[in-house]
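Peer 1: Given the coordinates of chain G, work out where chain W with the ligands should sit on it, guided by the hints.
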Amino acid sequence: MDRRDFIKLTAVTGTSATLASCGNSEHQLIRFVPDEDLVPGVAEWKPGVCPLCAAGCGLSVRVMEADVETVRNGQAGVVKMGVAKKLEGQAGHPISQGGLCARGQAAIQVTYHPDRLAHPLKRSGARGAGELKEVTWDEAIAELVGHLDALAAAQDQKSLAFLTRPRRGRRLALAAEFLNRFGAPAPVPFELFGEEVLRRANAISFGHEQLPTFDLARSRFVIAFGADFLGTWNSPVAQNAAYGAMRQGRPGQRGAFVQVESRMSLTGANADQWVPVKPGTDGVLALGLAHVMLSNKLRPADAAGRAGAAIDGWSGGLADYTPARVEQVTGVSAKRVDRLARELVELGPAVAMIGGAPLAHTNGLFHALAVNALNGLLGAVGQPGGVFFTPGFQPSVPGPQVPSPQALQNLSAKVLLVDDVNPVFGAPKAWKVREALAKIPFIASFSSFLDETSSLADLILPDHSFLESWVDSTPESGALEAVTTVAGPVMKPLYQTRATADVLIEVAGKLKSPIALPWKTAEEVAKSQPPAPSPQSPPAARSPERLALRKYSEPVFDGDAAQYPFHFLPYMSQQFGDGSTAHLPWLQEMPDPLTSAMWSSWVEINPQTAERLEIAQGDLVDITSPHGVVRAPAMIFPGVAPDVIAMPVGQGHETFTRYASNRGVNPIGILAPATDAETGALAWAATRVKIARAGGGNGSLIMFAGEMREHPHEHETR
Amino acid sequence: MPHKWGMAVDLDRCTGCGACVTACHAENNIPTVGPAQAARGRAMHWLRVERYWEGDFPDVRLTFRPVMCQHCDAAPCEPVCPTYASHHTDEGLNAQVYNRCIGTRYCANACPYSVRFFDFFNPQWPKPLHLQLNPDVSVREVGVMEKCTFCVQRIRAVEIDAKAEKRELKDGDVKPACVQGCSARALVFGDLNDPESEVSRLSRSPRGSKLLEDVGTLPKVTYLERQTQV
Ligand code: SF4
Ligand code: SF4
Chain G
1 MDRRDFIKLT
11 AVTGTSATLA
21 SCGNSEHQLI
31 RFVPDEDLVP
41 GVAEWKPGVC
51 PLCAAGCGLS
61 VRVMEADVET
71 VRNGQAGVVK
81 MGVAKKLEGQ
91 AGHPISQGGL
101 CARGQAAIQV
111 TYHPDRLAHP
121 LKRSGARGAG
131 ELKEVTWDEA
141 IAELVGHLDA
151 LAAAQDQKSL
161 AFLTRPRRGR
171 RLALAAEFLN
181 RFGAPAPVPF
191 ELFGEEVLRR
201 ANAISFGHEQ
211 LPTFDLARSR
221 FVIAFGADFL
231 GTWNSPVAQN
241 AAYGAMRQGR
251 PGQRGAFVQV
261 ESRMSLTGAN
271 ADQWVPVKPG
281 TDGVLALGLA
291 HVMLSNKLRP
301 ADAAGRAGAA
311 IDGWSGGLAD
321 YTPARVEQVT
331 GVSAKRVDRL
341 ARELVELGPA
351 VAMIGGAPLA
361 HTNGLFHALA
371 VNALNGLLGA
381 VGQPGGVFFT
391 PGFQPSVPGP
401 QVPSPQALQN
411 LSAKVLLVDD
421 VNPVFGAPKA
431 WKVREALAKI
441 PFIASFSSFL
451 DETSSLADLI
461 LPDHSFLESW
471 VDSTPESGAL
481 EAVTTVAGPV
491 MKPLYQTRAT
501 ADVLIEVAGK
511 LKSPIALPWK
521 TAEEVAKSQP
531 PAPSPQSPPA
541 ARSPERLALR
551 KYSEPVFDGD
561 AAQYPFHFLP
571 YMSQQFGDGS
581 TAHLPWLQEM
591 PDPLTSAMWS
601 SWVEINPQTA
611 ERLEIAQGDL
621 VDITSPHGVV
631 RAPAMIFPGV
641 APDVIAMPVG
651 QGHETFTRYA
661 SNRGVNPIGI
671 LAPATDAETG
681 ALAWAATRVK
691 IARAGGGNGS
701 LIMFAGEMRE
711 HPHEHETR
Chain W
1001 MPHKWGMAVD
1011 LDRCTGCGAC
1021 VTACHAENNI
1031 PTVGPAQAAR
1041 GRAMHWLRVE
1051 RYWEGDFPDV
1061 RLTFRPVMCQ
1071 HCDAAPCEPV
1081 CPTYASHHTD
1091 EGLNAQVYNR
1101 CIGTRYCANA
1111 CPYSVRFFDF
1121 FNPQWPKPLH
1131 LQLNPDVSVR
1141 EVGVMEKCTF
1151 CVQRIRAVEI
1161 DAKAEKRELK
1171 DGDVKPACVQ
1181 GCSARALVFG
1191 DLNDPESEVS
1201 RLSRSPRGSK
1211 LLEDVGTLPK
1221 VTYLERQTQV
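Same order as they appear, the protein sequences are chains G and W. Note that this note's numbering gives residue 471 to position 471 of the first sequence, counting from 1, and the numbers run on in steps of one. Note that this note's numbering gives residue 1135 to position 135 of the second sequence, counting from 1, and the numbers run on in steps of one.
Looking at chain G on its own, in the form it has when it is part of the complex:
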């Protein structure tokens, strides 16, 4: 007999898994007979994919039996089912190689978050007032279908817009197909720390519009400009694994590492040489290094090929980038430029990286092109220990991966669908995203949580969690070979949620004029392979002569230097990335590796600057840009330049569950809407600020107290 047909009900007392309800006779619950065969206490391991960033780390999920409170046919009860217990990196996975980052370790709390949305919701009060009522899936889908039918009836299909996180695998391909066949514009991707500048530079220099992969395990010398590649940038788990091997994986051959930046990142803390530069000048240093190599004939000029040809003055030996000039512009001494250049050549194979803040200036593209040319000159492209492009990758949706501010501000849609993205939190206030959304008559969200964007929706159709649904990922970078990971659900859904892919497919079929999609289920979507990549025009095919020549132009900062004397550097936090994981309690309570702060926002100030302005650790400080002000406790931070003020991104949510709401402040709010001149990408490091002490500490800066009572250096016998 199929046990599924045979639902026997028994009353039990309490749910054994929770302390609070033990022996509490009020908790009389129905116990359903499970419909899975489970051996109590025995773990099963199932594959998965970490959903928390684009790196696409492969997971191995430990699944064990547990009592789960659930609702079946309208009846509340308890059922034994297999649930995820622990996430590990999948051994042998080309990206994660058995490891995970801190966020990946905490991803399980996305599924078990107490504030996860459990069923469809419809707005009942004013927009954003948080009054929502539960509706059935039939009602929710009928409502969405009704709005789409109305667009079709008015011949206004183009007024449907779809806002999404970029690079979401096959699910984004489904959305694109849906929109295309409906007659709507392509999905609009939004990502605060987008990588459009680097992709564009790589297309110009190497013919690959793609993020790079580094063969660090075989590098002997690494120089990174701003890229927090051991923390949050690109594919951090794969890069940590390769970094460990670079340092200690080859007996007697320890790779050296230099980091260039203006605020010491987690990555910079690991460098042998930490080289601060003036913000917005990184490319000048890169070309200064190239100048030394060229003028001393340490490397042949033509080694850089097309990447060199894109730089103005390359064939003339980069006469504008002498060490003396580099010192003037970047603040790095001429002697050091000379020495670094020689080390790169002599101690190679060497590779250069660039990412993060240097590309977030009005002249961002130049810096990326300069570093690409340096890599070309070093002979690092496609060589052991160098830079590679994962073969066969193509974005699931072609076209720009970050929106221009116009695309967000002028979303003239009548119906907006929002998938796993929160631009109301993640875009500068000056972009007026909230105002743009307010003008849209109907917004539906697939979010699992109420955040600043989904709380403006009229209808919420909550997705399954990544552990409850089919997932897939084909990361753009992180491995030298193409990687596609597809995994089925590791556990049954806890709630009345539905896979967004299934919802889109159902909606497509229920329209007055139904849309035929090539997939029938979310499973088919995840398993479908992308069409074969269109043959990329090889770099040589585009003639170098026609390249526009790039040269350094001074970065333009928003805010007058006399009035706003500090550069403002928001950075992706180790715990929260761009803020999308601030709702996970393990990450809130994880001490920040560089400061030990937990549950807090803070503003990093150089000790001399703090002394001059009479600001002490924990004092409240107002950080004012031409676009707004935030108030945060001071963190006296030895690794930040005296004229730079840095703040981690991630806190300051107005609405994002019990753990993140109204905690700290959001530095993105005060950013200027400046953009990189060529790509239009947000120049999030181009804002100037002033700071002033606003008062003594209010206790909002929480640091982890645990530390040894004595400093080990005082004890170590050498």
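Hints listed in this document are in silico derivations from the structure and should not be mistaken for laboratory results. These numbers were taken from a predicted model, which means no experiment stands behind them. All C-beta atoms in this analysis are idealised placements derived from N, C-alpha and C, irrespective of residue type, glycine included.
Pairs of lysine-lysine residues, derived as DSS-like cross-links and limited to a Cα-Cα distance of at most 30 angstroms, are as follows:
{"hint": "1", "chain 1": "G", "residue 1": "429", "chain 2": "G", "residue 2": "158"}
{"hint": "2", "chain 1": "G", "residue 1": "492", "chain 2": "W", "residue 2": "1175"}
{"hint": "3", "chain 1": "W", "residue 1": "1004", "chain 2": "W", "residue 2": "1175"}
{"hint": "4", "chain 1": "G", "residue 1": "432", "chain 2": "G", "residue 2": "414"}
{"hint": "5", "chain 1": "W", "residue 1": "1127", "chain 2": "G", "residue 2": "80"}
{"hint": "6", "chain 1": "G", "residue 1": "133", "chain 2": "W", "residue 2": "1127"}
{"hint": "7", "chain 1": "W", "residue 1": "1127", "chain 2": "G", "residue 2": "46"}
{"hint": "8", "chain 1": "G", "residue 1": "122", "chain 2": "G", "residue 2": "520"}
{"hint": "9", "chain 1": "W", "residue 1": "1163", "chain 2": "W", "residue 2": "1175"}
{"hint": "10", "chain 1": "G", "residue 1": "46", "chain 2": "W", "residue 2": "1175"}
{"hint": "11", "chain 1": "G", "residue 1": "432", "chain 2": "G", "residue 2": "133"}
{"hint": "12", "chain 1": "G", "residue 1": "122", "chain 2": "W", "residue 2": "1127"}
{"hint": "13", "chain 1": "G", "residue 1": "690", "chain 2": "G", "residue 2": "278"}
{"hint": "14", "chain 1": "G", "residue 1": "492", "chain 2": "G", "residue 2": "46"}
{"hint": "15", "chain 1": "G", "residue 1": "510", "chain 2": "G", "residue 2": "122"}
{"hint": "16", "chain 1": "G", "residue 1": "46", "chain 2": "W", "residue 2": "1170"}
{"hint": "17", "chain 1": "G", "residue 1": "158", "chain 2": "G", "residue 2": "122"}
{"hint": "18", "chain 1": "W", "residue 1": "1163", "chain 2": "G", "residue 2": "46"}
{"hint": "19", "chain 1": "G", "residue 1": "439", "chain 2": "G", "residue 2": "510"}
{"hint": "20", "chain 1": "G", "residue 1": "133", "chain 2": "G", "residue 2": "122"}
{"hint": "21", "chain 1": "G", "residue 1": "510", "chain 2": "G", "residue 2": "527"}
{"hint": "22", "chain 1": "W", "residue 1": "1127", "chain 2": "G", "residue 2": "492"}
{"hint": "23", "chain 1": "G", "residue 1": "122", "chain 2": "G", "residue 2": "439"}
{"hint": "24", "chain 1": "G", "residue 1": "158", "chain 2": "G", "residue 2": "520"}
{"hint": "25", "chain 1": "G", "residue 1": "335", "chain 2": "G", "residue 2": "551"}
{"hint": "26", "chain 1": "G", "residue 1": "527", "chain 2": "G", "residue 2": "46"}
{"hint": "27", "chain 1": "G", "residue 1": "414", "chain 2": "G", "residue 2": "510"}
{"hint": "28", "chain 1": "W", "residue 1": "1166", "chain 2": "G", "residue 2": "46"}
Residues from chain W shown here face chain G by an in silico Cβ test under 8 angstroms; the list is partial:
{"hint": "29", "residue": "1022"}
{"hint": "30", "residue": "1056"}
{"hint": "31", "residue": "1181"}
Peer 2: Same frame as chain G, but now just chain W with the ligands:
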């Protein structure tokens, strides 16, 4: 010969990423205490990443060091415990018997590494966060001390499996959660009684030293010094 479990931490590989800290929470049912209690110094991290700043901008240097219970062979926490809750096992683990612990906190006072944490209240996991709990690890209640166990539940599980399959343990069979999670492979765990094990080999490294070596605790964790560019 019984096993003697120990760890090596290669500070030249450790990037300070903190994955081990979260992995430890996930494996060992360590509660989060929330901001108000954290502000009172009651956050619990069996494993933490310490940081040492040296120098002034621009010649500033920062070094990370993951610190967990050092499982000392002469553990100062053991003799001070009136109930033998803190004791030594025959495999060299410094173990804590929760239901013997009466919460005197003498052990925490005695520990020079500040790795022991007191449960000031019953842990809370708003439903369904309780589903994340590891059934192999007991949940501690108010009034007891807790700390790193070297993931004794994983050691036992591997030992029991090996016994059932009538085979010897191989080096690398046992991986505590922090070791398994560390992408940079900075953490290595194994049997110090096996001179060929990776942890034994690393513990003999000329870069190796013990934490606060001169206080005489005989730790079983060896730190391999971070190197500098040559
Ligand atoms: S790098 Fe971290 S957040 Fe990104 S996919 Fe890997 S484990 Fe997840
Ligand atoms: S996971 Fe590894 S690299 Fe990261 S902090 Fe821990 S020991 Fe260091």
